[in-house]
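*Asks:* Sequence:
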Amino acid sequence: MPLIGVTGGLATGKSLVSSMLADLGGRLIDCDILAREVTAPGCEGLTKVKAEFGETVIRDDGALNREELASLVFSDPAKLKTLEGILHPIIKQLVMSRSKEIISKDKDAIVVVDAPLLFESGLSRGMDRNIVVVCELKEQKRRARRRGGLSEDQIESRIAAQLPMSKKSEMADYIIDNSGEEDETLAQVGEVWRKIRVAG
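Heads up: the sequence shown at position 177 corresponds to 195 in the numbering used here, and the numbers run straight through without jumps.
Note that these hints are calculated values from the structure, not bench results.
Worth double-checking, as some hints may not be accurate.
Dumping the calculated DSBU-like pairs for lysine-lysine here, alpha-carbon to alpha-carbon at most 30 Å [unchecked claim]: (1) 159 with 97; (2) 97 with 125; (3) 125 with 99; (4) 123 with 159; (5) 185 with 99; (6) 159 with 110; (7) 110 with 97; (8) 66 with 125; (9) 156 with 97; (10) 156 with 68; (11) 185 with 159; (12) 68 with 110; (13) 156 with 185; (14) 185 with 213; (15) 110 with 123; (16) 99 with 68; (17) 185 with 123; (18) 213 with 125; (19) 156 with 99; (20) 159 with 118; (21) 66 with 156; (22) 97 with 213; (23) 213 with 118; (24) 110 with 99; (25) 118 with 66; (26) 110 with 125; (27) 97 with 66.
With these hints in hand, go ahead and build the complete structure from the sequences.
*Replies:* Spelled out as structure tokens, the structure:
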């Protein structure tokens, strides 16, 4: 059965849509969780990040200082590209191995891969269908502010660092507009799920 990639922009509702697909029966793989796994102390990702960016991105307890790393890479496109070059291949490999593991136990499983950088990482090429979650830019920024943790400048730089939503939408098999109420989004997700199941 198919592998379904789900992506979007900062605060567009990608994780909400992924969780809705999981509620409908999809087997969820969250790339944000995988990114944390591969950058845990003793793991390959952290070793490579430390070698590239130095001790300043490592906490006293040996864990990755995510805030420090984020401030470095989101202010410098070259450093962001370097970080992605380190982590994307490791995460892609893990996604594919986890997917195979799920399908080996349940050949009818529909695997949902929640991936912020689905297209940028090249992971989309391993998917059977790709879903892009969009919302109006004004609403996107409002939600990002409401979530907290990021300044206005940080929100702007993170949106700018991602592939434009128009480009992502061009590459999507399905587009879900999450600008409105949650029940409106759920109705769209249900329709996409039905189409995926019919297509097989």
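*Asks:* Any hints from earlier that this structure breaks? Give me their numbers in increasing order, please.
*Replies:* 2, 3, 4, 8, 10, 17, 20, 21 and 22
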